[in-house]
Amino acid sequence: MTSFKTELQAIAVPPMFAFEPTLENFSIVQERSDYMKYAINSVITSFGATFLALVIAVPSAYSMAFFPTKRTKDILLWMLSTKMLPAVGVLMPIYLLTKGAGLLDNVLSLIIIFTMINLPIIMWMLFTYFKEIPKEILEACRMDGATTLGELRHVVMPLSWGGITSTGLLSIVLCWNEAFWSINLTSADAGTLTALIASYSSPEGLFWAKLSAASTLACAPIVVFGWFCQKQLVQGLTFGAVK
Amino acid sequence: MSSLEITKLHKEFEEFHAIRGVDLHIKKGEFTVFVGPSGCGKSTLLRLIAGLENVSSGSIKLDGEDITEVAAANRGLAMVFQSYALYPHMSVAENMSFALKLANVDQDTIDAKVNEAADILQLGNLLDRKPKALSGGQRQRVAIGRAIVRHPSVFLFDEPLSNLDASLRVQMRQELSELHQRLKATMIYVTHDQVEAMTLADKVVILNAGQIEQVGSPLEVYYNPESRFVAEFIGTPKMSFLPVNSEVKQLAMKSDGGDKRQLAQGHWLGVRPEFITIEPGGQLEGTVSLVERLGAETLVYITYKDSHQLAARVESLSAINVGDHVNFSISLDRVHSFDKDGRRISPNVTDILIGKN
Chain A
16 MTSFKTELQA
26 IAVPPMFAFE
36 PTLENFSIVQ
46 ERSDYMKYAI
56 NSVITSFGAT
66 FLALVIAVPS
76 AYSMAFFPTK
86 RTKDILLWML
96 STKMLPAVGV
106 LMPIYLLTKG
116 AGLLDNVLSL
126 IIIFTMINLP
136 IIMWMLFTYF
146 KEIPKEILEA
156 CRMDGATTLG
166 ELRHVVMPLS
176 WGGITSTGLL
186 SIVLCWNEAF
196 WSINLTSADA
206 GTLTALIASY
216 SSPEGLFWAK
226 LSAASTLACA
236 PIVVFGWFCQ
246 KQLVQGLTFG
256 AVK
Chain B
4 MSSLEITKLH
14 KEFEEFHAIR
24 GVDLHIKKGE
34 FTVFVGPSGC
44 GKSTLLRLIA
54 GLENVSSGSI
64 KLDGEDITEV
74 AAANRGLAMV
84 FQSYALYPHM
94 SVAENMSFAL
104 KLANVDQDTI
114 DAKVNEAADI
124 LQLGNLLDRK
134 PKALSGGQRQ
144 RVAIGRAIVR
154 HPSVFLFDEP
164 LSNLDASLRV
174 QMRQELSELH
184 QRLKATMIYV
194 THDQVEAMTL
204 ADKVVILNAG
214 QIEQVGSPLE
224 VYYNPESRFV
234 AEFIGTPKMS
244 FLPVNSEVKQ
254 LAMKSDGGDK
264 RQLAQGHWLG
274 VRPEFITIEP
284 GGQLEGTVSL
294 VERLGAETLV
304 YITYKDSHQL
314 AARVESLSAI
324 NVGDHVNFSI
334 SLDRVHSFDK
344 DGRRISPNVT
354 DILIGKN
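Keeping their order, the protein sequence lines are chains A and B. To convert, note that position 51 of the first sequence is 66 in the numbering used here; the numbers rise steadily by one, no gaps. To convert, note that position 312 of the second sequence is 315 in the numbering used here; the numbers rise steadily by one, no gaps.
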């Protein structure tokens, strides 16, 4: 709502509920920085990272789910434990690595980092979905003459399609909302929408109404996207609950 | 149709030696049944043949060609699983044609083969259904159909009937038997049900703790069990065992075949229920502890010398009741004796029976 107020109205105490809506914040935001550029960066990073993560995670989850070894459980726990590390803790090394690779303010570095961040969760989700598939079906498939890739393509992927898509959607949402790394590693060229929002909370002052406008613009696409995929998402998350 | 030669096969899991040196020859077109108690390694042996488990040592040859290291996908064998393992997202027709599609067979041939298999298994009107819309028996037929369309060199069945109810199991058992007659294919069948083993097999392989106890035709293993284990495992009710004491020894000495057997303290006599006769003049005495009336026959369990239970098969309408003291005799020419280690030391009963006739 604040995004439709003027700056003065936005900081008024007590808060105003009746006001004349204005679109001026949106046009100011658009004037100051090109919304589309940030939006496209967000799309590229979240979709790119999700795609890359799935490409890595599907085969690994397959092998962990169907050919477990003594260490599989430990590895899964270890992967999850990396999520417990505060991101700030590795800010310095990663910043330096990115700088050294010449990838500061570059979408590629964000894609790689987002992939890394979400990989454990994606692996875990895919692992649990794959676990639901009876082992015999894969063995039958192997007896029928399928290669490992054939097994993945004809049996594993179709049977866990709901799970894979909902994992992918979740990953896209997580990447889209990821702020820490995009703020720290990008500025004008590769900035995502979260970086755009953050730029309104600057040393020159806090612009509530413009900040809200930018937030609305940043959230809108993913909300709409989520709305359309809702059915898929719910189906995926409850996959296997009812056989 | 192929022959299979297994030599010195071993399979060790991390903490468990599942198969301990199996040697076996399966002839072309033979219906071989692996039977044994749970955990004896029969399914593992089948999975080793299928290529779903890696062999620890030893070799498996198919038609003389070593396939020990060949991947399951390239062995050309077909397997029917206990849980059917149908592809839930494919229709019946797609399930059956999957292997052919992977092998890039043209659509006309696929259709012809699927229809042929559907005819054999009476699945014609179910081809468009998904597995979840089928009953257990139909699913099992689809699983068999999936194997048939490929014309595999060997069919492998892993307890295919154990998820079905009793009457359906009998029907499917007969259908499998007919299928074997019709296809004349080499089939290997794993079961823990000795009735399935006896009715289906050309050759029964009895496994115990990862080793073969005995290989033979159903009647061979029934009449000439080589060990106490086989004697107890094959036959319902189980063969009864009597310790060799002075009374039994005396009896045995008096009978025709008695002197042929080495009867010593610590040995055991094994008697099938049909070779125990309850009659007033019987030399042995016991108390009836249980009577089971099955309709066509009645089973009487007699406690001998307070500790040994013997099963006897008597006439259906017999008036015997629990608690009765009875005299009984044993057809000693059809009795087996086993030494302390459970190996049979008496000659083949079938030899004696055939000699008599």
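Because the hints were derived from the structure by calculation, they are not lab data. Just so you know, not all the hints are guaranteed correct.
Taking lysine-lysine pairs in the BS3-like style, the calculated list, with each CA pair at most 30 Å apart, reads [said to hold, decoys possible]:
| # | chain 1 | residue 1 | chain 2 | residue 2 |
| --- | --- | --- | --- | --- |
| 1 | B | K30 | B | K11 |
| 2 | B | K135 | A | K146 |
| 3 | B | K104 | A | K146 |
| 4 | A | K146 | B | K133 |
| 5 | A | K246 | B | K133 |
| 6 | A | K85 | B | K241 |
| 7 | B | K187 | B | K104 |
| 8 | A | K246 | B | K308 |
Have a look at the derived ranges for each label pair, beta carbon to beta carbon [claimed, not checked]:
| # | chain 1 | residue 1 | chain 2 | residue 2 | range |
| --- | --- | --- | --- | --- | --- |
| 9 | B | R185 | A | T97 | 54 to 62 Å |
| 10 | A | P149 | B | S62 | 24 to 32 Å |
| 11 | B | L105 | A | F81 | 17 to 25 Å |
| 12 | B | K187 | A | F81 | 21 to 29 Å |
| 13 | A | K98 | B | E97 | 25 to 33 Å |
| 14 | B | E181 | A | K98 | 34 to 42 Å |
| 15 | A | S75 | B | D114 | 48 to 56 Å |
| 16 | B | E181 | A | P173 | 17 to 25 Å |
| 17 | A | P149 | B | T306 | 26 to 34 Å |
| 18 | A | W176 | B | A136 | 17 to 25 Å |
| 19 | A | N121 | B | D114 | 50 to 58 Å |
| 20 | A | S42 | B | L105 | 55 to 63 Å |
| 21 | A | Q45 | B | H92 | 41 to 49 Å |
All C-beta atoms, glycine included, are put in the ideal place defined by N, C-alpha and C.
Per the hint of 21 to 29 Å, is the separation of the Cβ atoms of K187/B and F81/A within bounds?
Violated: the Cβ-Cβ distance is about 36 Å, outside 21 to 29 Å.
Range first: 24 to 32 Å. Now tell me if the beta carbons of P149/A and S62/B are that far apart.
Holds: the Cβ-Cβ distance is about 31 Å, inside 24 to 32 Å.
A range of 54 to 62 Å was offered for this pair. Does it hold for the Cβ distance of R185/B and T97/A?
This hint holds: roughly 59 Å between Cβ atoms.
Determine whether the Cβ-Cβ distance between S42/A and L105/B falls within the hinted range of 55 to 63 Å.
holds, 59 Å
Is the hinted range of 25 to 33 Å satisfied by the C-beta distance from K98/A to E97/B?
With a Cβ separation near 40 Å, K98/A and E97/B fall outside 25 to 33 Å, so the hint is violated.
Could you check the hint for me, namely that N121/A and D114/B are 50 to 58 Å apart, CB to CB?
Roughly 55 Å apart at Cβ, these two residues keep to the hinted range, so it holds.
Given hint K133/B paired with K246/A - CA-CA distance at most 30 Å:
Since the Cα atoms of K246/A and K133/B sit roughly 23 Å apart, the hinted pair holds (cutoff 30 Å).
Given the hint that K85/A pairs with K241/B, test it: the Cα-Cα distance must not exceed 30 Å.
Violated, because 42 Å separates the two Cα atoms, which is more than 30 Å.
Outcome for the supplied range 26 to 34 Å, where the beta carbon pair is P149/A and T306/B
violated, 47 Å
For K104/B and K146/A, compute the direct alpha-carbon distance and say whether it is at most 30 Å.
Satisfied, since the Cα-Cα distance of roughly 26 Å is no more than 30 Å.
Is the straight-line distance between the alpha-carbon of K146/A and that of K133/B 30 Å or less?
Cα-Cα ~22 Å, so holds.
Return holds or violated for the Cβ distance of Q45/A and H92/B against the range 41 to 49 Å.
holds, 47 Å
Figure legend: structure checked against the earlier numbered hints; hints not met, in rising order: 6, 8, 12, 13, 14, 15, 16, 17.
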